[in-house]
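Numbered according to the working numbering, the sequence shown terminates at residue 931, and the numbering increases by one at each position without gaps.
Certain hints may be false.
No more than 25 Å apart at the CA atoms, straight line, and that leaves these computed lysine to any residue pairs for SDA-like [unchecked claim]:
no., residue 1, residue 2
1, K405, K35
2, K403, S467
3, K35, Q701
4, K405, G383
5, K840, L856
6, K394, L332
7, K532, S467
8, K437, L421
9, K190, N145
10, K862, A818
11, K792, A818
12, K224, Y245
13, K405, G364
14, K798, N687
15, K21, S102
16, K772, A818
Beta-carbon label-pair distances, calculated as ranges [as the list claims (entries may be wrong)]:
no., residue 1, residue 2, range
17, L884, E825, 20 to 28 Å
18, E197, E543, 55 to 63 Å
19, Q139, F733, 53 to 61 Å
20, H709, D492, 35 to 43 Å
21, G400, A930, 33 to 41 Å
22, T385, C656, 49 to 57 Å
23, D492, N94, 35 to 43 Å
24, Q921, K828, 20 to 28 Å
Hints listed in this document are in silico derivations from the structure and should not be mistaken for laboratory results. Yeah, the Cβ is synthetic: ideal placement off N, Cα and C, and Gly gets one too.
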Amino acid sequence: MAIAFEQLITSDILKPARYLGNERLAIHKPWDKAVIRWVLTYPEVYEVGSSNLGHIILYNILNAQPRQLCDRAYLPGKDLADKLRTTNTPLFAVESKRELKEFDILGFSLSYELGATNILEMLDLAGIPLTWQERLQGNYPLIFAGGQTATSNPEPYADFFDFFALGDGEELLPEVGLVLEEGKQAGLSRENLLLDLAQIPGVYVPQFYAPAKDGSVKPLRPDVPQRILRRVATPIPAYSIGLVPYVETVHDRLTIEIRRGCTRGCRFCQPGMLTRPARDVEPEQVVEAIEKGMRATGYNEFSLLSLSCSDYLSLPAVGMEIKNRLRNENISLTLPSQRVDRFDENIANILGGTRQGGLTFAPEAGTQRMRDIVNKGLTNEELLRGVKTAWEQGWDKIKLYFMIGLPGETDTDVLGIEETVSWLQRECRGKGRRPLNFNLTISNFTPKPHTPFQWHSVSTSEFRRKQDLLRQAFRRSRGVKVNFTDVRISAMEDFIGRGDRSLGRVVRRAWELGAGMDSWYDNLSKAFTAWEDAIREADLDWKYRLVENGEWNLFAAQEESRGAGEAGEQGELFIFSHSALSTQHGLNAPLPLTALSTQHRLNAALPLTALSTTLPWDHIDTGIDKKWLIEDLQRALEAAVVPDCSFEGCSHCGVCGTDFGHNIVIEPPIIPEFAGDFVPNITKTQRLRVWFGKQGDMALLSHLDVMRLFDRVVRRASLPVAYTNGFHPSPKIAVASALALGATSSGEIVDFELTESVEVDVFHQKLAQELPPDIPVYRVEQVDLKAPAANKLLEQVEYLITIAASSEVTPAQWQGWTEAIKIRDEILWEQTTKSGKTQIINLRSRLFELELISAKNNETESTAVLRYVGSCRQDGLLLRPEQILSMLEIVAGEFENTENVGILKTDCTKFHLWQIHRNQLILAV
7 MAIAFEQLIT
17 SDILKPARYL
27 GNERLAIHKP
37 WDKAVIRWVL
47 TYPEVYEVGS
57 SNLGHIILYN
67 ILNAQPRQLC
77 DRAYLPGKDL
87 ADKLRTTNTP
97 LFAVESKREL
107 KEFDILGFSL
117 SYELGATNIL
127 EMLDLAGIPL
137 TWQERLQGNY
147 PLIFAGGQTA
157 TSNPEPYADF
167 FDFFALGDGE
177 ELLPEVGLVL
187 EEGKQAGLSR
197 ENLLLDLAQI
207 PGVYVPQFYA
217 PAKDGSVKPL
227 RPDVPQRILR
237 RVATPIPAYS
247 IGLVPYVETV
257 HDRLTIEIRR
267 GCTRGCRFCQ
277 PGMLTRPARD
287 VEPEQVVEAI
297 EKGMRATGYN
307 EFSLLSLSCS
317 DYLSLPAVGM
327 EIKNRLRNEN
337 ISLTLPSQRV
347 DRFDENIANI
357 LGGTRQGGLT
367 FAPEAGTQRM
377 RDIVNKGLTN
387 EELLRGVKTA
397 WEQGWDKIKL
407 YFMIGLPGET
417 DTDVLGIEET
427 VSWLQRECRG
437 KGRRPLNFNL
447 TISNFTPKPH
457 TPFQWHSVST
467 SEFRRKQDLL
477 RQAFRRSRGV
487 KVNFTDVRIS
497 AMEDFIGRGD
507 RSLGRVVRRA
517 WELGAGMDSW
527 YDNLSKAFTA
537 WEDAIREADL
547 DWKYRLVENG
557 EWNLFAAQEE
567 SRGAGEAGEQ
577 GELFIFSHSA
587 LSTQHGLNAP
597 LPLTALSTQH
607 RLNAALPLTA
617 LSTTLPWDHI
627 DTGIDKKWLI
637 EDLQRALEAA
647 VVPDCSFEGC
657 SHCGVCGTDF
667 GHNIVIEPPI
677 IPEFAGDFVP
687 NITKTQRLRV
697 WFGKQGDMAL
707 LSHLDVMRLF
717 DRVVRRASLP
727 VAYTNGFHPS
737 PKIAVASALA
747 LGATSSGEIV
757 DFELTESVEV
767 DVFHQKLAQE
777 LPPDIPVYRV
787 EQVDLKAPAA
797 NKLLEQVEYL
807 ITIAASSEVT
817 PAQWQGWTEA
827 IKIRDEILWE
837 QTTKSGKTQI
847 INLRSRLFEL
857 ELISAKNNET
867 ESTAVLRYVG
877 SCRQDGLLLR
887 PEQILSMLEI
897 VAGEFENTEN
907 VGILKTDCTK
917 FHLWQIHRNQ
927 LILAV
């Protein structure tokens, strides 16, 4: 059953258009015709979740399955969450407006270690028990999670999910859907249904497994696999086209994946290890998807996505082909962080457009030695060449990512970050050019499961010390902005990310104490306090202190029980000096065991037995051999670089084979000749004036949302709109007057200036075809190009407003108040300007017509509908609907200033605006 949406989502909710579920390319399938009903839930606010590419792809794929539908849900803002709880309304799916409890299966994206608290918040708002044990009683949907964090180490979250989907979901989720459909039709119990799901490669059902004494996770029954395989799928760009939100999102553009997986082998990088092998997408598929997607969505920007876009050898050819095909559309291309060593003129030429975007590189470390240790595969010469190329191509500001706390790092390596940045600035100077500025993000290394550096950690005090070193080093630097990651959140990510199943109670308690949206700065202190309190209440603060002190609890017991002689028998294995050792030596460098005393060997050595200790995530088969990770960790301390196996020899990591496939590297096509940049056509051949409405749900779109909508509509309709001149050309579309959020209208006006003549009827048809139904087009007229724009001619406005009174009011009283306003020449009102000054204005002089349309009484309140015509000029001479309430307050005798009778200074308390409808905008003749 659908919720009471109209009463819930009102204009007092922040950005109410988030929750409408009527975006362009949203898929509405009949509820009654579906056998299995999914909800994909992204546990972040709408602006983040709706623009997530994986969310869009899986939504499209599931809706393409017969007899199945897929709806969506997002983490509501605090105002809506409070309203849901106050009204006892369960969280709902945005398209069907049905409670989440009504669906068969709910899928969450778990891509961040601390993001599970948002998931618990959504489950609680939906009225669904938080753990799989609590859901055994009752008819609840199956709850599952996918994403990077779910795939790498699901154990800390095992209590909350019925199953996990590991790896790529494009093929896995349809298989899950088929099993669910067969099980539902067969009437299987929840346990038997999950047992069938556990047979699908890539599905991990935690209730069928339990931690053993040695820390491993073992099956509880013989009919489930010992290890669960990570799934691998081939990316299909066509499924990336979809969901064009009305509100501005974090990634407000079309995004197309060009390559999945990365084989660079950066030793700290979990995505690079969890997405192998690398798979290129055919260039023709990419070009076709972008061209089709830009026409279907109306976006003015697109992005090509990969963990390492520059390793997609077809990038220059694909980018130039699209740039040529869409050169008249004012389209821009953006790329995520790129490999600086592959950045050249070919890539520079395809970036941006008329709007040159930012450029981001990730050197990761400040010295060549550290870049070799992490296997970055980047030399100082390559770094300079890439940055200098960007500077020569017109970029004056570049963003760089660095990391501190890496294995083997010394203070010299830390200070090398400042030295590298200063060196790059010195090398990029020239006459007539602004100095090169840098925006630096310096993050704290956080060890991740399934990486060679999963055995290494650094104390928070050491992180703070290194951050202070850099603050001092950069204090005199000009043109450099430095941002540091909060060390508290890094420690918490480490603690949870490498934890075991015992941390489930910590996650739950942290949510109960207010942790949520932990990645947002405004909530960071509150969230961190909640996490610390939850850890202490679970008697695991000792464990967390080990993380804070740069040690890992898995080895703590072994270190205590191992004798000095035993430690000495381990041979020349490297160690990482932490805590007491780093203090004594003044660095955090690798040392051979023979260089240390027996006591230091005991306290600081990382023995082979520790490296082979079972980890909480060893039952997840990512394809990478654990032995290879240990060997690569040893290579790191020798600063040995392993080449990229996509372009050189095999590194023998264990991935390539039947289960995971092989690297797919496509030979690049020839780069097309550049057809020229977009030149804005500023020719004005025709002006068309459009009268349109704003009805239903569209009343919850803001003025900026409407302007963005018109921009995309004219692109989709291929209408020849003229552009402004200048650095950022924009379409010449002018709405006469902004309409208040929540107000409906049947009289809005917008002017379009065109570069070539279009028949009025043709323009009307094309425009109406691309606009949503709740924005009807009433008429289109051609206007002389020399005539003033509609917003210059605007004089008056006609409204219908519905007003409610908290006490009983008779129709005669409403009529009397209306007449009292009309017969007066002056009704004064105190107004506060934007600068904070107050001034007295005569509201009556701005009112031209006023009449009572209807009035009625009921047991709770009295309402009246008034029609009025008031001033609406661009110079600020306006009569707003709420000012009609002010005049009613005055004539009804409800004012509080006794010294200045007739001047209303207080807020309107007796009358309330229920509804605002703008009948028409009246232009000067």
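Now the hints, each set against the structure:
1. K405 to K35: violated, 44 Å
2. K403 to S467: Violated - the C-alpha atoms of S467 and K403 are around 32 Å apart, more than 25 Å.
3. K35 to Q701: holds, 23 Å
4. K405 to G383: Given that 25 Å is the threshold and the Cα spacing comes to 19 Å, the pair holds.
5. K840 to L856: violated, 29 Å
6. K394 to L332: Roughly 29 Å between the alpha carbons, so the hint for K394 and L332 is violated.
7. K532 to S467: Judged against 25 Å, a Cα distance of about 21 Å means the pair holds.
8. K437 to L421: violated, 29 Å
9. K190 to N145: Distance ~12 Å between K190 and N145 Cα, so the pair holds.
10. K862 to A818: holds, 11 Å
11. K792 to A818: This hinted pair is violated, its Cα atoms lying about 50 Å apart.
12. K224 to Y245: It is violated: about 37 Å lies between the C-alpha atoms, which goes past 25 Å.
13. K405 to G364: Roughly 8 Å separates the two Cα atoms, so the pair holds.
14. K798 to N687: holds, 24 Å
15. K21 to S102: At roughly 19 Å apart (the allowed maximum being 25 Å), S102 and K21 satisfy the hint.
16. K772 to A818: Since the Cα atoms of K772 and A818 sit roughly 49 Å apart, the hinted pair is violated (cutoff 25 Å).
17. L884 to E825: 20 to 28 Å: holds, 24 Å
18. E197 to E543: 55 to 63 Å: At roughly 32 Å between Cβ atoms, E543 and E197 fall outside 55 to 63 Å, so the hint is violated.
19. Q139 to F733: 53 to 61 Å: With Cβ atoms ~60 Å apart, the hint holds.
20. H709 to D492: 35 to 43 Å: holds, 36 Å
21. G400 to A930: 33 to 41 Å: Since the Cβ atoms of G400 and A930 sit about 46 Å apart, the hinted range of 33 to 41 Å is violated.
22. T385 to C656: 49 to 57 Å: violated, 23 Å
23. D492 to N94: 35 to 43 Å: For D492 and N94 the Cβ distance comes to about 37 Å; the hint holds.
24. Q921 to K828: 20 to 28 Å: holds, 22 Å
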